[in-house]
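This is what each chain is made of:
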Amino acid sequence: MNTVPGPLVERDFQWNQRVVTKKYSAFFNITILFAAGLIMYSAPASAGKCGRGCQQSMDGACTMEPRLWRAAIESRFTLTSCCRSPQYNAQLRSCGYFPSSRSAHMTGQAVDIKISPKNCNARYLQGIGFPPVCPHYHHGHCHVQTRCGNAQTASRARERVRHQRAPAIRSQSRARISSGRTRGRSSKVSTKTRRSAPRSNYRSISEIPWYEKIFSEIAR
Amino acid sequence: MMVRIREFILILTLLFSFGAHAKVECPSLDEVKKQTDDDLCEALSDAAENCFAQLNYELELLKAKKPNERKKERESLKSDYQREIDKLNNQFLPELKSLGESAACVDEAAEVEEWVIEYKRDLMELDNLR
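In order, the protein sequences belong to chains A and B.
Whatever position you read off the first sequence (first residue = 1), add 1337 for our numbering.
Whatever position you read off the second sequence (first residue = 1), add 25 for our numbering.
Bear in mind the hints are in silico, worked out from the structure with no lab data behind them.
The beta-carbon is built from N, C-alpha and C at its ideal position, and this holds for glycine as well.
Some chain B residues near chain A, calculated using beta-carbon distances under 7 angstroms:
{"id": "1", "residue": "Q60"}
{"id": "2", "residue": "D71"}
{"id": "3", "residue": "A128"}
{"id": "4", "residue": "E136"}
{"id": "5", "residue": "E139"}
When the alpha-carbon atoms are kept at most 20 angstroms apart in a straight line, the in silico EDC-like pairs for lysine to aspartate or glutamate are as follows:
{"id": "6", "chain 1": "B", "residue 1": "K103", "chain 2": "B", "residue 2": "E150"}
{"id": "7", "chain 1": "B", "residue 1": "K112", "chain 2": "B", "residue 2": "E50"}
{"id": "8", "chain 1": "A", "residue 1": "K1451", "chain 2": "A", "residue 2": "E1411"}
{"id": "9", "chain 1": "B", "residue 1": "K90", "chain 2": "B", "residue 2": "E100"}
{"id": "10", "chain 1": "B", "residue 1": "K122", "chain 2": "B", "residue 2": "E138"}
{"id": "11", "chain 1": "A", "residue 1": "K1455", "chain 2": "B", "residue 2": "E126"}
{"id": "12", "chain 1": "B", "residue 1": "K145", "chain 2": "B", "residue 2": "E100"}
{"id": "13", "chain 1": "B", "residue 1": "K145", "chain 2": "A", "residue 2": "E1496"}
{"id": "14", "chain 1": "A", "residue 1": "K1455", "chain 2": "B", "residue 2": "E120"}
{"id": "15", "chain 1": "A", "residue 1": "K1451", "chain 2": "B", "residue 2": "E126"}
{"id": "16", "chain 1": "B", "residue 1": "K90", "chain 2": "B", "residue 2": "E150"}
{"id": "17", "chain 1": "B", "residue 1": "K145", "chain 2": "B", "residue 2": "E50"}
Hey, can you work out the whole structure from these sequences and the hints?
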């Protein structure tokens, strides 16, 4: 992973603006203006930290998969997004979009390019100099990522889901639930709840990992 | 007139506080797509997880109630689970398996399949709940 120079911050900004104006009606104009203000204020800040090419990624570094970056630049297609920063994700959220914290853009393993849907396939992209990639077309761009799933990674993904419901998390949640919403009931009921609640993960929406990740990102 | 409105609000509040559990309705495929600018694979997997968290929370609340209190709510929650399982099987998984020459969202499809197993496990638990 190298520090990558380039003019992408401006393009990212334009793309973000386009997305915003496309999505919302006049009713949300004030919100959009506020969001645009945030973008104008924070995009140069990120650029200042990371150089011109890439925004800050999750680990604080401004990096991107070098082979992917080189191919994307040499292909001369318009790039609409490369490395994302938590700040940039926060901007998207303020505009009503909900990007995943696990996004390949956060780790520099994806780039969005403007090509026709029929050319958004691994064969064509490898033909023009891209490394092995798994692209797919959506929202008017080709999302090109170097991380391709296989049987082994899929198995790890399954394991990750099972781990989400690990006994340690369950017992924490059980304790929270019995001391929270069931407060005021007899202790007998609470004890029974603790014993008979074998698979509880979350107490409220704010404890859903997706939200937790966002809050921790905002707090960064 | 003002008193009547207050009474009406009070009745509504009472109805809601003693009524069925809060209906859990998670975003459809189109809604997730609208709310996602990018990274559709991750967004769909996250949506499946978030929905599970909401349903599982309702299940835990239900389990904490007395058997005679939870009879009605149990059926309602069961239908919520079933509807969301159908949504994952009929909307999310086909989309994840078809994106990018069926190779772009392999891991996320596996994750959603695993979440479906967890939904079904909860549903079975709900079935066995007296």
